[in-house]
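Take a look at the letters that make up each chain.
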Amino acid sequence: MKATVWSGRNTVQVENVPDPKILNDRDAIVRITSTAICGSDLHLYDGYVPTMKKGDILGHEFMGEVVEVGRGVDNLQVGDRVVVPFPIACGNCWACRHELYSLCENSNPNAGLAEKMFGHPTAGIFGYSHLTGGYAGGQAEFARVPYADVGPLKLDDDLSDEQVLFLSDIFPTGFMGADFCEITGGEVIAVFGAGPVGQFAIASAVMLGAERVIAIDQYDYRLQMARNRAGATDVINFAEDADVVEQLKALTGGRGPDAVIDAVGMEAAHGHGALHAVDRVKQATRMQSERGHALRDAILACRPGGIVSIIGVYGGLMDKFPTGALMNKGLTVKAGQCHVQHYIKPLYERIRNGDIDPSFVVTHRLELGKAPDAYETFKHKLDECVKVVLKP
Amino acid sequence: MHMPPRPVDATLHGVVDYQAGALLTTVLPKLAGIEGTRAARQIRTAGAFHAGYSTVTDYPLGIVKLLPFKAHLALDAVGAVALAATPFITGQFKEGRRQWLPHVALCLFELASLAMTDPTGRGDFHGDVDAVREANLEDPHRKIYDGGPAVVRAA
Amino acid sequence: MSNHAAITVNRSREEVERLWNAEVNGTVTFADAPGDRGTEIHVELNRSGNPVSKLLSTKALAKVKDELRRFKQRVETGEIPRSDATPEGERVERKFKQRPAQPLAEGELEKAGLS
Chain D
1 MKATVWSGRN TVQVENVPDP KILNDRDAIV RITSTAICGS DLHLYDGYVP TMKKGDILGH
61 EFMGEVVEVG RGVDNLQVGD RVVVPFPIAC GNCWACRHEL YSLCENSNPN AGLAEKMFGH
121 PTAGIFGYSH LTGGYAGGQA EFARVPYADV GPLKLDDDLS DEQVLFLSDI FPTGFMGADF
181 CEITGGEVIA VFGAGPVGQF AIASAVMLGA ERVIAIDQYD YRLQMARNRA GATDVINFAE
241 DADVVEQLKA LTGGRGPDAV IDAVGMEAAH GHGALHAVDR VKQATRMQSE RGHALRDAIL
301 ACRPGGIVSI IGVYGGLMDK FPTGALMNKG LTVKAGQCHV QHYIKPLYER IRNGDIDPSF
361 VVTHRLELGK APDAYETFKH KLDECVKVVL KP
Chain L
393 MHMPPRPVDA TLHGVVDYQA GALLTTVLPK LAGIEGTRAA RQIRTAGAFH AGYSTVTDYP
453 LGIVKLLPFK AHLALDAVGA VALAATPFIT GQFKEGRRQW LPHVALCLFE LASLAMTDPT
513 GRGDFHGDVD AVREANLEDP HRKIYDGGPA VVRAA
Chain Y
548 MSNHAAITVN RSREEVERLW NAEVNGTVTF ADAPGDRGTE IHVELNRSGN PVSKLLSTKA
608 LAKVKDELRR FKQRVETGEI PRSDATPEGE RVERKFKQRP AQPLAEGELE KAGLS
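Chains as they are written, first to last, in my numbering: chain D, 1 to 392; chain L, 393 to 547; chain Y, 548 to 662.
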């Protein structure tokens, strides 16, 4: 089958690789009808995530048709249309039983590696380096889905692929970011990052009842999408004025937003002069793995007693973390890789109800063979690119 | 398989700018055994000047983005040659190898780094945006500007 | 240098002790985990104390952890997780010599004992 494989820093290639097979009784094989490139794939592409190997198939957002099931899978049949959550979760361990699926204790066969980095292993993930298990990803024609009795959501409706594909990752992730903010109605929420996850965080905050949602980014076209399609009430373009903290105070009568969502992660583009230069030098020379500027600003901007919700992906350590601000302002920090399986059914219902049409983020739809150029276009934010869907 | 035209991108070039600048202004003269001589002062000046104009260059590691990257590279080249020429202009080269060798070595290092630097200053973008645009089955502009809100506010 | 490995399995103590079948080079003890967390399994590695064995002990500890994880996975999920990079499941020896994360070809499946 054809698949997009990692071939070194800043390089992906579409190659012919063997078709996946059932390896365990609880596996299923899915023929992929649509898949997408995620912002977190760019961290792999840029070479910031260790333990990548040439030939690794990328991609963790995919959906399609079940073509084979293992003996231990009763809930799915050949021919079922499914969307697959990106965390691989067994459903049996303590974490899964408490619906913390991205913290599954059993699904990472490279737990020893992950334990060294984070202190404990976390769930396996499709197509996301050997740290998360070395599972082949979904930017391909077929994928092997472990624990198929837990993960895949069976779809039974007429919705197009693009309306449901993002249930695999970015819609639940953005929603969890907003969910963390404990919105009861009337709040002001600031969302750092207007990429696809940011767009869904904004839309989710709107759905949950926030009174104002402020989108922050440096690309005007993404801020336009946030305002026109995702429901943002205000936008801040930090390329025009770098002092985000002050602008947020101005928009909130000096109070600061009630909660801030970091939908940026480890490759924050923005920085104030010298600190940003230091960040970039250190990251380029691998002295630190993160550029944490969005997170720093988020903590400084959040109103005292507020919530900092972190859904942008980080991998290692960062310098100059504002512990003083965090502690003295009494902030609550909630973070995590999304527990997709926990959110996927209610969010599917919301789509079916017409509360949201997730396909609004798709700016590019290309066949799988165009993946290399698509990665470059997505990475450099060209051609007004927000989200790329690939068709195998 | 993609081959970058030149392997050193603007960010990496900046890293070297600052590291070299720091090295030249601090310990290099001592390491080269010329501490206290006018050669040391020349090298320190060159290092400080180099770091200085790097901070005002329009590239990822510039603090104030004033000087275009290509102009920065031109300054690098001119500065390198000027540094190499200095011992010969002042006549100090007659005082021994140490009075000119570091200058020439630094010049060669700088020219080599320039030969490997990608001058576009925007990193090594190597995709074909036109191909993407042509093959795209979606219209990005329409998705961003038309269509209205895709989400319903809470009641 | 730690000699101790522990893991928690969310089953009753009686069940865990009955099903325990792993081979580890150390002293194994079981304890009730607090609340609803199940049973803790503790392994104290046998150490001979000489410097050479201290060097080898990181690998010994990693192997014990592998065994504990495999036991937990079998008991809780009924199988051990296999990825394309590690088709035989987690093994210390494999840590730095993994396959790329793509499906195995026919011949490789046989070699991994999986066809």
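Heads up, some of the hints might be wrong.
[What the hints assert, rightly or not] Derived pair list, reagent style PhoX-like, types lysine-lysine, alpha-carbon separation capped at 25 Å:
#, chain 1, residue 1, chain 2, residue 2
1, L, Lys486, D, Lys381
2, Y, Lys606, D, Lys21
3, Y, Lys642, D, Lys21
[Unchecked claim] DEER-style ranges, computed between Cβ atoms:
#, chain 1, residue 1, chain 2, residue 2, range
4, D, Arg31, L, Gln411, 47 to 53 Å
5, L, Asp538, D, Pro304, 24 to 30 Å
6, L, Ala474, D, Asp319, 52 to 58 Å
7, D, Thr184, Y, Phe643, 36 to 42 Å
8, Y, Arg621, D, Thr33, 33 to 39 Å
9, Y, Phe643, D, Gly8, 17 to 23 Å
10, Y, Leu661, D, Glu349, 35 to 41 Å
11, Y, Phe577, D, Gly119, 54 to 60 Å
12, D, Lys381, Y, Gly582, 45 to 51 Å
These aren't lab readings, by the way, just hints derived from the structure by calculation.
The structure presented is a predicted model; accordingly, all values stated were derived computationally and were not measured.
Glycine included, every Cβ here is placed at the ideal spot set by N, Cα and C.
Going down the list of hints, with the structure as the test:
no.	hint	verdict
1	L:Lys486 to D:Lys381	violated (56 Å)
2	Y:Lys606 to D:Lys21	violated (32 Å)
3	Y:Lys642 to D:Lys21	holds (23 Å)
4	D:Arg31 to L:Gln411: 47 to 53 Å	holds (51 Å)
5	L:Asp538 to D:Pro304: 24 to 30 Å	violated (41 Å)
6	L:Ala474 to D:Asp319: 52 to 58 Å	violated (36 Å)
7	D:Thr184 to Y:Phe643: 36 to 42 Å	violated (50 Å)
8	Y:Arg621 to D:Thr33: 33 to 39 Å	holds (34 Å)
9	Y:Phe643 to D:Gly8: 17 to 23 Å	holds (19 Å)
10	Y:Leu661 to D:Glu349: 35 to 41 Å	holds (39 Å)
11	Y:Phe577 to D:Gly119: 54 to 60 Å	violated (24 Å)
12	D:Lys381 to Y:Gly582: 45 to 51 Å	holds (48 Å)
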